[in-house]
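Each protein sequence line maps, in turn, to chains D and C.
Residue numbers for the first sequence follow our numbering, so the first one is 1 and each next one is one higher.
Residue numbers for the second sequence follow our numbering, so the first one is 325 and each next one is one higher.
Hints in this document: simulated from the structure, not taken from any laboratory.
Treat the hints with care, since some could be wrong.
Using C-beta positions, here's what the derived DEER-type ranges look like [stated by the list, open to error]:
1) C:Pro-357 x D:Ile-30: 29 to 39 Å
2) C:Lys-727 x D:Ser-183: 33 to 43 Å
3) C:Asp-590 x D:Ser-183: 32 to 42 Å
4) C:Lys-660 x D:Arg-52: 42 to 52 Å
5) D:Asp-47 x C:Lys-605: 52 to 62 Å
6) D:Ala-212 x C:Asp-590: 45 to 55 Å
7) D:Lys-50 x C:Ser-467: 44 to 54 Å
8) D:Glu-46 x C:Lys-797: 20 to 30 Å
9) D:Arg-52 x C:Asp-451: 19 to 29 Å
Here are some of the chain C residues that sit facing chain D, going by a computed Cβ distance under 8 Å [as the list claims (entries may be wrong)]:
10) Gly-360
11) Thr-362
12) Asn-369
13) Ala-372
14) Asp-565
15) Thr-568
16) Ala-572
17) Ala-575
18) Gly-576
19) Ile-739
20) Leu-741
21) Asp-743
22) Leu-748
Sample of chain D residues with no beta-carbon within 12 Å of chain C, all distances over it, derived [to be verified]:
23) Ile-12
24) Val-22
25) Gly-84
26) Leu-88
27) Val-111
28) Thr-131
29) Leu-151
30) Ala-226
31) Ile-247
Every residue, glycine too, gets a C-beta built ideally from N, C-alpha and C.
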Amino acid sequence: MRVYILRRLVQIVPTVLGITFVVFLMMRSIPGDPVVALLGDSYTQEDAVKAREVYGLNQPILVQYLIWLGKLLQGDWGASILTGRPVLQDVLVRLPVTLELIVLSMGVALVIAIPAAIIGALRQNTWADYTATTVAMIGVSIPEFFLGVLLLLAFSIGLGGVLPSSGWVYLPGTCPMMVCGVSLWGNMQHVLMPAFALGVGRAAILTRLLRASMLEVIRTEYVTTARAKGVTELKVVLKHALKNALIPTVTVMGLQVGFLIGGAIVVETLFAMPGLGTFGIDAIIARDYQQVQGFALLTAFAFVVINLVVDLSYTFLDPRIRYG
Amino acid sequence: MRSTRPALGLGLGSIALLALTFLLTDLSAAQTPKRGGTLRVSYGNEIAHLDFHTAGGYEMMWVAMNVGCGLVNITPDGKFVGDVAESWQMSPDGLLYTFKLRKNALFHDGTQVDAAAVKFSIDRLMDPETKSGMRPFYAPVHSVEVIDPHTVQIRLKHPYAFFLHMLAGYRTGLVIYNPVATQKYTLQDRQQGKPEAVSGCGPFRLVEWVKGSHLVMDRFDKYFVPGLPYVDRVMIRVIKDPVTEMAAFKAGEIDFIASFSPEHVDTMKAQNPRARIMTGKETTPMMAAMKVTVPKDGIPMSVERAPHPIFGDLRVRKAIGCYGIDRKEIVKIAFKGQATPWVGMALPGTLESVNVNHLCPYDPAKAKAILAEVGYGPSKPLTFELLTNTEKSVFSVITTVIKEQMARIGVTANIRLVDKVSWLNSTLQDGPWDMYVEDLLSLLTIDSNGYLSTAYVSKNSSAWSHPRHTDTKVDDYYARYAREMDAGKRKALAKEFLEYMADKMYWNTISGSPFYMVAQPWVKGYVYNAEFEVHWDNVWLDK
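With the rest of the complex left out, here is chain D:
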């Protein structure tokens, strides 16, 4: 097990570097130049040339990448070309917001998906099953931004502003700035709509997947045996069937994290949340290469680590699985 974890951890390094290199190449392949935004009204051709020299943008792409990598190995994530702020500092300020959003979105997805899938599987081809699958289909079909706007109109305007439309209130003890709104209740109010908007699509996918797995598992012999032994239906479903049916679902959950990060960009922009998603999109729009690299590095790292955790969780779900 330890060897397996070590091997996977080692694999993370080339994966993350590969992603950052591809992003590096892509950013420099698209038209646009951060120097234009940097110089603004005072733009002159001469100053642009000087600025490119200062930021090393006149170097060959590979050299630029190696310089970035060399600094990264020394713990220096670089500084924003436009504001001069250290990228690591900016990323760490934004990370808690996105992390909370993603975790809660996944929570929303599971809270909806597990009961819906169980009901759908146990009551196959009944109105309950049809309702669950239809709702799942609708959930998959609604884009996050559209659902987000509907939620905004319903809960921030329609119902007299029961939920705030935008902004962020931090959990106690997590404020990374001088001036923050800090409150547990306020935080819950702010995260509820974004997490729901982001989580519903994932819930729909997980519902369909888990329902299919459950249908397969509840027809297996060991489930029949458990029932024959007189084990209660609740225990049969939750302990014997669900746990085994969860393996493909957990795999997909890991992969869904990538979609959640992508979805966070849209949802954070819509709800004006100061998270990593808005940070990433602003950086791309401004061609702030250093910030884009920081964003890509962190999200790639998060994605591969979460998928490692998913792989390790198989041993808990199915003790027959062993890593060596």
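Please build the complex by placing chain C on the supplied structure of chain D, with the hints as guidance.
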């Protein structure tokens, strides 16, 4: 009965008096500014950075106007009022301005705002190393002299009719820098918004700026105007999505929208009948610019120029930009009629604006005839690229309407939609483009247009002179206009200049680009002055 009538009258009189007293008290209370509270402002775009002398964008400028102070401000009716300057005088020849400064003005770190600070700031703006976008406007300044700690003299090389306009309202105007803080902290400290480095002398002191999250400024208790500002704090948040912005406004989460999207004004009015929606005569031109020259040697920004293959010919510029574009139709579709169709480069809200619409009536038959004369027609169709960017959705609507209008005269316009940075790259760096749709800087005077002030391509040319025409007559016009101190003669020059620009189609305006601010009904005391002056020191919250 007799005894009761006076008593009844007395009673009614007393009630009426009481009611009147109550009403008057209530009215006076409603009019008396209240101290305290937080003004919650929303921005649609990010602040670039906080070095006020070099950053671009209105979002930064509106912070600069509240954290910083200058010498003078300009009122909506064009009058100058003192800021740190309590009085000023211009010499009869228009070459010497003497400003007397207030004695009680302090920077936020407690140091005195004095004549040396004014000199330091203007010298800094004029220094090419500072790379300030304001520098071209200080070109007429010969020197700045400290007469005594509270008197500063600015000597000009030649008369400059808009010197006070420039100090007050061109972009940020003059923002006086604190020499101590500027020397103590680095440029990066200021750009990143380190509060000690951004030590201004305005009504609010910077507390914190977290890019992508918020900017907070608190009341400066030692502000030189006693009693101001009224609010304790201004909290600025960036809400990019107009729907979210409207939802936040409707829910009462924000008090003031600093720049509101014109497309959503009707919805805002319908949803918030009590909201104060502020606008005025347009000052920002919506343009369909045409490129006049291209580099002869293929090297961008080369001084060797050749006519643009399509729009280098004045006849084609006039056929397309003048007679081929139906400005009224564009305004009707893109702005729902809430803008002014306009041809001249100075909009109705710009000082000394002249309506030259008669020079470019929509006349598709004439446009076709001119194009035929040039040689374009069914056998040789004219096709050009119509560039625009994603910054505002209205740009795409306008380009689509223009494409349709071009089809009516047998011309094909291929739309190329890019993001703002790519657009800047093409236009600033003399890239390959034919026509673009964009709205540019808000113009207080014709002179404040930096985009054509050094229009011809030379070592001193402006990268912002996108069409890159080589007509030095434009520069002569600018110089004569800006140096003319006689208002009557200047007005005549402005007319001549604007007609010349329209005739040559170096600058092709379609219409004004309306600007809106929105405030909650409880926000009192704000004086709307377009994008030029955004001050929150007089604002109070009637909650």
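Verification of the supplied hints:
1. C:Pro-357 x D:Ile-30: 29 to 39 Å: violated (51 Å)
2. C:Lys-727 x D:Ser-183: 33 to 43 Å: violated (52 Å)
3. C:Asp-590 x D:Ser-183: 32 to 42 Å: holds (36 Å)
4. C:Lys-660 x D:Arg-52: 42 to 52 Å: Given a distance of about 43 Å, which is inside 42 to 52 Å, the answer is holds.
5. D:Asp-47 x C:Lys-605: 52 to 62 Å: violated (35 Å)
6. D:Ala-212 x C:Asp-590: 45 to 55 Å: Between Ala-212 (chain D) and Asp-590 (chain C), where Cβ atoms are some 48 Å apart, the hint holds.
7. D:Lys-50 x C:Ser-467: 44 to 54 Å: violated (28 Å)
8. D:Glu-46 x C:Lys-797: 20 to 30 Å: Holds, since Glu-46 (chain D) and Lys-797 (chain C) (Cβ atoms, about 27 Å apart) stay within the stated range.
9. D:Arg-52 x C:Asp-451: 19 to 29 Å: For Asp-451 (chain C) against Arg-52 (chain D), whose Cβ atoms are near 22 Å apart, the range 19 to 29 Å holds.
10. Gly-360: violated (17 Å)
11. Thr-362: violated (11 Å)
12. Asn-369: violated (10 Å)
13. Ala-372: With a minimum Cβ separation of about 7 Å from chain D (threshold 8 Å), the hint on Ala-372 (chain C) holds.
14. Asp-565: holds (5 Å)
15. Thr-568: holds (5 Å)
16. Ala-572: Since chain D brings a Cβ to about 4 Å from Ala-572 (chain C), closer than 8 Å, the hint holds.
17. Ala-575: At 4 Å from the nearest chain D Cβ, Ala-575 (chain C) passes the 8 Å test, so the hint holds.
18. Gly-576: holds (7 Å)
19. Ile-739: Result: violated, 16 Å to nearest chain D Cβ.
20. Leu-741: Violated. Min distance 12 Å.
21. Asp-743: holds (6 Å)
22. Leu-748: holds (5 Å)
23. Ile-12: holds (28 Å)
24. Val-22: holds (20 Å)
25. Gly-84: Given that some Cβ of chain C is not farther than 12 Å from that of Gly-84 (chain D), nearest at about 4 Å, it is violated.
26. Leu-88: At roughly 14 Å from the nearest Cβ of chain C, Leu-88 (chain D) sits farther out than 12 Å, so the non-interface label holds.
27. Val-111: holds (26 Å)
28. Thr-131: holds (31 Å)
29. Leu-151: violated (10 Å)
30. Ala-226: The claim holds: Ala-226 (chain D) sits with its nearest Cβ about 51 Å from chain C, beyond 12 Å.
31. Ile-247: holds (39 Å)
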